[in-house]
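S.K.: Model the full assembly from the supplied sequences, consistent with the hints where possible.
Those protein sequence lines, which keep their order, are chains S and H.
By our numbering, the letter at position 115 of the first sequence is numbered 115, and the numbering carries on one by one without gaps.
By our numbering, the letter at position 57 of the second sequence is numbered 268, and the numbering carries on one by one without gaps.
Mixed in with the good hints there might be a few duds.
Calculated lysine to any residue pairs in the SDA-like style (CA-CA distance at most 25 angstroms, straight line) [to be verified]:
| no. | chain 1 | residue 1 | chain 2 | residue 2 |
| --- | --- | --- | --- | --- |
| 1 | S | Lys52 | H | Thr226 |
| 2 | S | Lys161 | S | Gly135 |
| 3 | H | Lys239 | S | Gln139 |
Ranges of calculated distance between the beta carbons of each label pair, as one might list FRET restraints [what the hints assert, rightly or not]:
| no. | chain 1 | residue 1 | chain 2 | residue 2 | range |
| --- | --- | --- | --- | --- | --- |
| 4 | H | Glu219 | S | Glu138 | 39 to 45 angstroms |
| 5 | H | Asp221 | S | Tyr209 | 22 to 28 angstroms |
| 6 | S | Asp62 | H | Asn246 | 53 to 59 angstroms |
So, partial list: chain H residues that the calculated Cβ filter (under 10 angstroms) puts toward chain S [claimed, not checked]:
| no. | residue |
| --- | --- |
| 7 | Lys225 |
| 8 | Asp256 |
| 9 | Phe271 |
To be clear, the hints were calculated from the coordinates, so they are not data collected in a lab.
Ideal Cβ positions, reconstructed from N, Cα and C, are used throughout, including at glycine.
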Amino acid sequence: MIPSKKEWTDALIARHGAELHHRFSSATVAICGLGGLGSNIAIALARAGIGKLLLVDFDRVDITNLHRQQYKANQIGLCKTDALKKNLSEIAPYTEVETVTAKITEANFRDLLKDADIVCEAFDNAESKSMLVNGVLEQLPDCYLVAASGMAGMDTCNTIKTRKIMKRFYLCGDEVSDVASTIGLVAPRVMLCAAHQAHTVLRILADEYEI
Amino acid sequence: MVKVNGTELDIAGKTVSEYLAATNYDPKRIAVERNGDIVFKSQYDATVLEDGDSLEIVSFVGGG
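M.R.: Here it is in structure tokens:
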């Protein structure tokens, strides 16, 4: 039996307080890339009661994703947008989820992301990360940006951190562990980086801007 | 002197592009902040570093 929207809201207010719940539930957060970072960010933010998530990815769920991404074995082959929307509807049924199944490019990011209060950069490709970070900072002056760089491999979790690079721009990760020079990505370290990003989103919404 | 990621360097008078060309940074994988503001990619050639400037160069690595 799924709780009513009122029961759900009351439970979140009991946990977070009315003021924080209002801030979280009024926010629109865009998540660009729904891999190990983006799928985990989305679940954390949906659980926290963010009002609207905008999920953007062009890719489909592959068997090689399942060791770190929040999809299920029976979702292989589905669009990540559709699969994650389904999973989120089961976890947090009253979060509004809008999906865009498309590749984010220099030509379309501004239109896609213009209504977001905060953008999470959750790509896996370094050049795509740079494109989105520069694009948002240059062309979406009212938007906060939480990006990630460096979470691959088996190094300690304790090197994953959040830095405030400048007003509106936060960077999570160890900033050095490249997927190309490590064994690849493992679930806990990617989840940890995603948790840094998701919590930074919540802190911004709570007016806690310093790290 | 110009502070780059916390280190004082004698590069005042160079443009951002000229400084980057002398480093190992890949311009396709970076974001450059100067005195608290993003340096537009289209302005790397035209932005001349001044004495007392503070630069933060973020270099992205793959994985996500």
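S.K.: Compare the structure with each hint and give your call.
M.R.: Going down the list of hints, with the structure as the test:
no.	hint	verdict
1	Lys52/S x Thr226/H	violated, 42 angstroms
2	Lys161/S x Gly135/S	holds, 23 angstroms
3	Lys239/H x Gln139/S	holds, 18 angstroms
4	Glu219/H x Glu138/S: 39 to 45 angstroms	violated, 28 angstroms
5	Asp221/H x Tyr209/S: 22 to 28 angstroms	violated, 34 angstroms
6	Asp62/S x Asn246/H: 53 to 59 angstroms	violated, 43 angstroms
7	Lys225	violated, 21 angstroms
8	Asp256	violated, 15 angstroms
9	Phe271	holds, 4 angstroms
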